[in-house]
Structures are given as C-alpha cells and as structure tokens.
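The task is simple: from the sequences and hints, build the whole structure.
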Amino acid sequence: HGVKGGLIAGILFVLPSLFILIALTWVYLEYGNTQIVAGVLYGVKPAVTSIVLFAAYRIGLRALKNNALRAMALLAFIAIFFFHIPFPLIVIGAGALGFIGSKVAPQYFTGKLHVSEEYASYGPAIIDDNTPLPSYAKFSWARLIAFVVVGVGMGVAALAALNFNFGWDNPLTQMGVFFTKAALVTFGGAYAVLPYVHQGGVDQFQWLTTTQMIDGLALGETTPGPLIMVVTFVGFVGGWTKELFGPEMLPLAGIVAACVVTFFTFLPSFLFIFIGGPAIEATRGDLHFTAPLLGITAAVVGVIINLAVFFAYHVLWPTGFEGNFDWISLLIGVVAFIALFKFKIDIVKVILGCALLGWALSIAGVS
312 HGVKGGLIAG
322 ILFVLPSLFI
332 LIALTWVYLE
342 YGNTQIVAGV
352 LYGVKPAVTS
362 IVLFAAYRIG
372 LRALKNNALR
382 AMALLAFIAI
392 FFFHIPFPLI
402 VIGAGALGFI
412 GSKVAPQYFT
422 GKLHVSEEYA
432 SYGPAIIDDN
442 TPLPSYAKFS
452 WARLIAFVVV
462 GVGMGVAALA
472 ALNFNFGWDN
482 PLTQMGVFFT
492 KAALVTFGGA
502 YAVLPYVHQG
512 GVDQFQWLTT
522 TQMIDGLALG
532 ETTPGPLIMV
542 VTFVGFVGGW
552 TKELFGPEML
562 PLAGIVAACV
572 VTFFTFLPSF
582 LFIFIGGPAI
592 EATRGDLHFT
602 APLLGITAAV
612 VGVIINLAVF
622 FAYHVLWPTG
632 FEGNFDWISL
642 LIGVVAFIAL
652 FKFKIDIVKV
662 ILGCALLGWA
672 LSIAGVS
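The sequence shown: position 275 = 586 (my numbering), numbered continuously.
Honestly, the hints are just simulated from the structure, not real lab data. Here the structure is a predicted model, which means the values were calculated and not measured. We put the beta carbon where it would ideally sit given N, CA and C, even for glycine. It is possible that part of the hints are untrue.
DSSO-like, lysine-lysine: derived pairs with alpha carbons at most 30 Å apart [unchecked claim]:
1. Lys449 <-> Lys414
2. Lys492 <-> Lys315
3. Lys376 <-> Lys315
4. Lys376 <-> Lys653
5. Lys376 <-> Lys655
6. Lys449 <-> Lys492
7. Lys315 <-> Lys414
8. Lys553 <-> Lys653
FRET-style restraints, in silico, Cβ to Cβ [unchecked claim]:
9. Val459 <-> Gln346: 43 to 53 Å
10. Phe330 <-> Met560: 16 to 26 Å
11. Glu554 <-> Asn474: 18 to 28 Å
12. Tyr342 <-> Gln418: 54 to 64 Å
13. Gln418 <-> Ser446: 14 to 24 Å
14. Gly588 <-> Phe330: 20 to 30 Å
15. Ile674 <-> Thr421: 36 to 46 Å
16. Ala448 <-> Gln346: 25 to 35 Å
In structure tokens:
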C-alpha cells in the first residue's frame, strides 16, 4: 500500500505501546517501592536476563555460520565489554570488516540475511520473491531524495522547536539529539542498541539509574509492540527525574519526554524503511551489500551477549561484587532459560510466571 500503508502500519504499531508504557512507567515511579510492584520486578528481572541470553543464542544460531563470523562476534564482545567502545563504532568497524572480508575471503561472507528455512513460512503473499515489484517498491533516486528532504526536514524542525523553546542544553533537546543518533545505529534491534542507550541515559546524562534501566527492559518485555519501545520508559523517567516543568508537574514532564524520545527514535526508522525497502530489493544477493550486513549481524551477537552479562551482574549482585550473591535470582533465571530453550514456552508466559513467582516470594518475605 505504499507510503500511506507504511505510515498507518508503523504508527499503529507504535501507539499502543507508547500509551501502555507511559501508564506503566507512571505506576512504576509512583508505586515502585511497594511490596507488590517490587516483588513482581524481582521475579521478572532474572527472566529478562535469560531472555536476552536466549535472544543472543537464537540470532547466533542463524548468523554465525562459520568461524570468521564467530570471531567477529567475539571481537565485538571484547570491544564493548572490556574496552567500552561505543556501539556506533562497533557497527562501522563490523561493516568495514565484512566488506573487506568479501574481497579477501568471500566464501565466509555469503549467505542469506533473512530467516533460515526452518523458521520460514511459505504461505501465499501478495508480493513474494517471484512477483514483479510494484512501482512504489522500485528504487528511485528522485523518491530517495524526496524522502530524505522530508524526513530530515521534520527532524531538524522538531529539534529547532525544542531548542527555541527550551534551549540546547535542556534535557528534551538532548534527548532529541541522542535518540536520533541511537536510531541511526539500531542494527540488530533493541537488544543491540540498549548498551548504547545505557551509556547515554545512565552514564552521560544521568536521566535514570542502571537499576531503573533494567526495570524498564522488564516492563518493555511485558508489553505489546517492539521492544525498542523501552526508550519510552527511558524518556519518561528522564523527564520525571530532571523535573522539566517543576516538582509539581512530574507526570506531565514524563509524558512530554516520553513522546519526544519516541518521535526521534522512530522518525529515522520510518525513513530507513521508505528508503531502504526499495534499495534492498534492488541489491538483493549483491555481495557488496550483503557482506557488510553479515558482519554487522555477527557483531550484534557479541553486543547482545555483553548486554546479558551486564544484566546478570546487576541482577545477581544487586549491591556489587562486595555484596551478597542472589541465589534466588539465579534459580529464577535458570528456570526461565530452561523454559525458553528446552520447552519452547512463549516469552510472555515465562515473564508472567516469573512475575507471579517474584510476587509470591515477596509475600513470603524471601525476596
């Protein structure tokens, strides 16, 4: 259905999650210290750690088809875990290595980027591999330029409005700039970009704490829509924490910040789809384009493993290595991983089960 269909589908995909996460984040900030909410989060956080690890396993199973790609995943993990190299640089480096690899050893950088046959569905489709492309799905330089002008214009206009009304150093303007950059490197989805969001939101701007970041991912896993919507949580907490409109208007500050973050995160995504869709169709199977993406996908596996290790540390040692090890959280995490890996239980059911377990443990005074 062309641009109109893309806009309708994309907006309606995002809006329910936006409203739900705004409501849940408000409840979290108002009542997060109550027994029931704290208990639920206690059970969910180990489950989320297992979900992230399981995601790395699933992506790695499909993407790491040879030792060269496995080595790239390992290098990416070392780069971000030990040397704290920013995620955008890892993406650029992985893409460059993939391109070089296609020249030096092309046999290691060939393959399909989409889902493997065991996950594929061969049901009928309006447009499939053998259907002539409609005009709007064909690559056009004129259409590309038009999309860039409109998309970049919208982003610049929105940033200019924030700068004019609040100033360049205001958290709202900073959020607009930062999440635009985050959106430009969302290769691999939410799990891959979350370490970068953590670097900015927690370490650089202090919009929220590490514990709140993990809680946000737990909430994001329990809501419908894309997991990247966790950025809505980050924005809401940041607006609330920074008291953008004063201590008497914390919910309003959170709502405005959440909407700003969501807008700047998804504007580049829409632009990528409208530009990239026809470009991908035009370059399908071209090694010059697929090899860098294969390299990036391999690196993303290492980045996601880093995220799992990061979460595991904060969940299992909530007060740091000098504190006590949380054996109950470890047990919950192991049970969650077995449920996902061995019994193929749906993620939502695993989260709900762990949430109920955490709530029961809090009632029993164990957690």
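Results of checking the hints against the structure:
1. Lys449 <-> Lys414: holds (28 Å)
2. Lys492 <-> Lys315: Roughly 26 Å between the alpha carbons, so the hint for Lys492 and Lys315 holds.
3. Lys376 <-> Lys315: violated (38 Å)
4. Lys376 <-> Lys653: Since the Cα atoms of Lys376 and Lys653 sit roughly 22 Å apart, the hinted pair holds (cutoff 30 Å).
5. Lys376 <-> Lys655: holds (23 Å)
6. Lys449 <-> Lys492: The given pair, whose Cα atoms are some 28 Å apart, holds under the 30 Å limit.
7. Lys315 <-> Lys414: Status violated; Cα separation ~40 Å.
8. Lys553 <-> Lys653: Violated, at about 44 Å.
9. Val459 <-> Gln346: 43 to 53 Å: For Gln346 against Val459, whose Cβ atoms are near 52 Å apart, the range 43 to 53 Å holds.
10. Phe330 <-> Met560: 16 to 26 Å: The hinted range 16 to 26 Å holds for Phe330 and Met560, with Cβ atoms some 20 Å apart.
11. Glu554 <-> Asn474: 18 to 28 Å: Given a distance of about 20 Å, which is inside 18 to 28 Å, the answer is holds.
12. Tyr342 <-> Gln418: 54 to 64 Å: holds (57 Å)
13. Gln418 <-> Ser446: 14 to 24 Å: violated (37 Å)
14. Gly588 <-> Phe330: 20 to 30 Å: At roughly 27 Å between Cβ atoms, Phe330 and Gly588 fall inside 20 to 30 Å, so the hint holds.
15. Ile674 <-> Thr421: 36 to 46 Å: violated (55 Å)
16. Ala448 <-> Gln346: 25 to 35 Å: This hint is violated: roughly 53 Å between Cβ atoms.
Consistency with the previously given hints fails for numbers 3, 7, 8, 13, 15, 16, ordered from lowest to highest.
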